[in-house]
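Same order as they appear, the protein sequences are chains R and C.
Numbering of the first sequence is given in this note's numbering, commencing with residue 1 and proceeding in unit increments.
Numbering of the second sequence is given in this note's numbering, commencing with residue 1 and proceeding in unit increments.
I should point out that these hints are in silico values taken from the structure, not numbers from a laboratory.
Selected chain R positions facing chain C (in silico; Cβ < 8 Å):
no.	residue
1	Val150
2	Leu154
3	Gln179
4	Ser181
5	Leu186
6	Arg188
Heads up, simulated DMTMM-like pairs for lysine to aspartate or glutamate below, C-alpha to C-alpha not over 20 Å straight-line:
no.	chain 1	residue 1	chain 2	residue 2
7	R	Lys500	R	Asp542
8	C	Lys46	R	Glu137
9	C	Lys43	R	Glu145
10	R	Lys288	R	Glu369
Computed far set for chain C versus chain R, every beta-carbon distance over 10 Å:
no.	residue
11	Ala60
12	Asn86
13	Gly112
Each residue gets a CB set at the ideal place from its N, CA and C atoms; glycine is no exception.
Here is how the chains run, residue by residue.
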Amino acid sequence: MKQIILILLATLCVSLLAAVNAIHVMPTSYLPGLDLELRVEITQGANTLKAVNLQYRAAGESKWLDSSMREENPGFWLGSIPRNTYSTSEVEYRFEFELLDGKKEYLPAETSLSEAYVIAPKATQGTKSDAFVRLNEESSITNDEDYLLVVSFLAIADELDPATLKVFVSDRDVTELTQISGSTLLYREAKPRPGIKKALVTAVANGRELYSETWITQINPGKAKLELPFTYRGSVNLSANSYSSTDSDISFGNTLSDFATWADIYASYGILDLSTRLYISSLEESNKQPVNRYTFGVQIPYLDLFFGDYSPELSEYTLNGKNIRGLYSKFDSKYLRLTWAHGEAVRKTTVEGNAELTMPYNSGTFKQEAIGARIAIGMEDGFTLGFSGSRHRDIISSLDPDYYRYIDANGDEQYSTKARDNAVMAVDVKLNVPDQHVMMGVELAASMLNTNTLTGVISDEELSDYGINLDLSPSDLADLFVINKNLEPFGLTEANLAWKAFIRSYIMNNMITMEYQQTGPAFNSFGSFYQMNDSKMFTISDHIAFGRILYLSGSFSQTEDNLMGHQTDTNKYRNIQASAILRYPHLPYLKATYYNNSSENSENTDIESDAFLPYSGSSSMMSFGIGYNFIQIPHVPTQIDLSYRSGDDSRESGSIDSRALEIVSDNKNSGLSFSMTNRFLPVPLKTYFAYSSGKNTDNQLEQDYTNSRIYLRVEYSFLAEMLKPYLSFSSTSLGGDQDEQSYTQTALGLQAYPLRNLSISTDLSLKGHSNKDISDKDYNTTTWRLLISQRF
Amino acid sequence: MKKYILLSLLLVLVLSVLQANAIATLMAHKGKVSLNRVTDQIKFKKGELLMNNDVLRTGAESFAAYKYVDASSTVKMFANSVATINGSKDGNNLSKSVTVRQGSVLTNVKSGSGLFRVNTPTTVASVKGTEFLTRVEEGGATMFIVSEGEIEVRVLASDEVANVGKGKTAMISALGDIHLRDSNPEDLSLAEQEELEAMRESLPTTIRIPVLDESGKLKYIEITY
Chain R
1 MKQIILILLA
11 TLCVSLLAAV
21 NAIHVMPTSY
31 LPGLDLELRV
41 EITQGANTLK
51 AVNLQYRAAG
61 ESKWLDSSMR
71 EENPGFWLGS
81 IPRNTYSTSE
91 VEYRFEFELL
101 DGKKEYLPAE
111 TSLSEAYVIA
121 PKATQGTKSD
131 AFVRLNEESS
141 ITNDEDYLLV
151 VSFLAIADEL
161 DPATLKVFVS
171 DRDVTELTQI
181 SGSTLLYREA
191 KPRPGIKKAL
201 VTAVANGREL
211 YSETWITQIN
221 PGKAKLELPF
231 TYRGSVNLSA
241 NSYSSTDSDI
251 SFGNTLSDFA
261 TWADIYASYG
271 ILDLSTRLYI
281 SSLEESNKQP
291 VNRYTFGVQI
301 PYLDLFFGDY
311 SPELSEYTLN
321 GKNIRGLYSK
331 FDSKYLRLTW
341 AHGEAVRKTT
351 VEGNAELTMP
361 YNSGTFKQEA
371 IGARIAIGME
381 DGFTLGFSGS
391 RHRDIISSLD
401 PDYYRYIDAN
411 GDEQYSTKAR
421 DNAVMAVDVK
431 LNVPDQHVMM
441 GVELAASMLN
451 TNTLTGVISD
461 EELSDYGINL
471 DLSPSDLADL
481 FVINKNLEPF
491 GLTEANLAWK
501 AFIRSYIMNN
511 MITMEYQQTG
521 PAFNSFGSFY
531 QMNDSKMFTI
541 SDHIAFGRIL
551 YLSGSFSQTE
561 DNLMGHQTDT
571 NKYRNIQASA
581 ILRYPHLPYL
591 KATYYNNSSE
601 NSENTDIESD
611 AFLPYSGSSS
621 MMSFGIGYNF
631 IQIPHVPTQI
641 DLSYRSGDDS
651 RESGSIDSRA
661 LEIVSDNKNS
671 GLSFSMTNRF
681 LPVPLKTYFA
691 YSSGKNTDNQ
701 LEQDYTNSRI
711 YLRVEYSFLA
721 EMLKPYLSFS
731 STSLGGDQDE
741 QSYTQTALGL
751 QAYPLRNLSI
761 STDLSLKGHS
771 NKDISDKDYN
781 TTTWRLLISQ
791 RF
Chain C
1 MKKYILLSLL
11 LVLVLSVLQA
21 NAIATLMAHK
31 GKVSLNRVTD
41 QIKFKKGELL
51 MNNDVLRTGA
61 ESFAAYKYVD
71 ASSTVKMFAN
81 SVATINGSKD
91 GNNLSKSVTV
101 RQGSVLTNVK
111 SGSGLFRVNT
121 PTTVASVKGT
131 EFLTRVEEGG
141 ATMFIVSEGE
151 IEVRVLASDE
161 VANVGKGKTA
171 MISALGDIHL
181 RDSNPEDLSL
191 AEQEELEAMR
201 ESLPTTIRIP
211 VLDESGKLKY
221 IEITY
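Same shape as in the complex, but just chain R (with noise of 0.2 Å):
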């Protein structure tokens, strides 16, 4: 039993330490008026997965909007940024991983080094044409006059579909308010706002799609007062999914039918930046942690402040992303930021009890206080030095104490819940060199942790009979921190610290990063997310780009525990992994990835213990793809992605009664993957055709076990990709160590674009489930799902 539970743990934290590691060739361009699809490939860490979110906005815009992804075939998930969103501008975005513990990730990773994927106007499958003339040339005019774009298209007229023609400037399509007449089209904006305005013209001739070149025109505060901008964009949706089964006991991921709406709105007018966000789910109840989201956020130079929902992040070890409900305020100068969080971490649940079922007793959860605070002196772009400190408390009047304390058989009072104080201090220092493009940073942390504070403070004279002697009575200190017995551990000492310490430089589109981390075993931070207790972490990455042909990354770490030497055996984990793209303009693009994974364990000889079991274990992955989207094939442009992975991993491990390695387990694993969208010229239809396989042999039972499956897609458009049907097949079979099973899947979708920034989608999907040997576990689904956006 402690063999699987030492490999499970080893897996476990090998896993968490690899977290996501993802894939993504960059398309070369966008073309205006279309969606703009994105797919990114999970190389390692799926499992680890909770969603996939792609982020975008225009180059130089500080919001970031979001879009969900789906997982078209395991591993490959497809986002798209929505058409009209962006028409004109370069446009920058990442892929945001969401992970089943909370945490987030990010595809380029989140430094202040590197920089999100950008890709400019303009369309690999349209072309420039040079017959849209722009008859008035003005580069620069002042807002006192109207902004103008008045274009010709005479040399094309004949061929030209009038109805294709679209007009965009600055991101928007104004081709509604522009006037068409024969071969010529103008386009007016009175008292436009100063800045920089970009025009664009796309139409499609003869079947082709052409797009002008992009006019800029500089617009300079006239003579007139110059009034504030006001600009507001955002989106405001509205989701609903039903779920049913003819097994309601099977579970198969969220079975709950819910609906949703949710509301991002980002205003400014001069220096006055507002955000709000809003998310109101049906899934809410008053007795569970929230799932709304409430949030209101004013922004003026040197001051940001936010009301409601937040997730702070104060520093690694201290307040890092997670949500808070209450306020948050930062004062940003130049030389000094000041940060303040106050608000409630968890919120107050009760459970009752029940003498028929195993908890007997009332139970609960105390709502959390949390409050942070941090102060940094220097420059960002520059030295500086931050001191942060967070406290999390549960309040122990926020429980009835029914829900809380009872008496045992015996008597006794015993608690079901216990009320915790956590506090952790920090100090960091970073030096940032943007001439160098070099940083680096240390920070220091230590923490405190009362597991029990409904037992009261402890006296002066208990905490003398510790040999503790203290200025202060503990019970002076209550409003701060809850001292008594319950500390773990009483006093502070190596077991609460926790630093990290790393250097980044970014040098001829090299990054290099250097990390190192170490966490005592005793060291707890509610504000963060899971820290690896008792160990130390050395992390190596480098990603280095060659322009946009080559792109190669990296990184080495290596993990160990029982930094106390208090344990029996020491783990050593070590994860590799590296992966290069290779993208020559018209030729096809070749990418590969390789990742291995291995742990072991050594015995503390510190310790005389018959309980060590040594143990080792590795598995490794390499895989190859190549894609290449065919433009040449007439009528019907194909683009194709092959990836062929392969892979072991085995476990050896030692017995009681013998400490010699014998292998548990050792399995070889293969698996190709094959995608292909078509997009029919002649007509409005695209096809996407998708096969997965897998192959995993068990080298000890000489067993193999294989699992495939196959999507189809098909979608046409109609009213110029107003209305766009489709429908999907999938077909699974899983093999493995469980029952043989397969299940279809097949949906009816629309997808509707009828007014402005205005989408609907909805989708009716019915699942048949199959167990080859057990007919009884057959199950059918069927879900419905919608999603209404409207963007502004």
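Please arrange chain C on chain R, whose structure you already have, making use of the hints.
Relative to chain R, chain C alone:
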């Protein structure tokens, strides 16, 4: 019967207006300028799309300029001028003409851009890539002053044809007599001279880029090129 004829004419007129396609765009105007389309005087702004047979009038100390949609030709009208704009699509080219009834009109035509004619009460000037000024006096006397290229002038009354080259001035009397001589500065008014010089000079362009500094104050970066 008259009623039906009138109605038919009106219908044809309406249809012709509805089917009218833009042949030019108004690039600039200053002072008292009017635009007549069919029988109506219409309101307009800079950028207005001009249709076939539109009539532009400039008053005293006024100015107007338009460009044909093939982007090949620009016509600038000086004070107290009247011009009718014409154009028709000829394959992928635009056949263009301007009828100057009164005043001074400066024409700039790129070569290889299809037919371009300047009509006056007494002459027709055919142009293939040139820059010249047309002045029509009261009574129909016409003067062509060619600063670039060459034009061919045909007198309507006599069908007499004369080629007028760079640096030459052709004077056609109300009776149709042609007189050719070298151009001299006195042939052009001050405004006409300035306009010609402006067309030849490439003036530096300055753009101002508004930026917010760290304290949120609006500042500008000026780039002159």
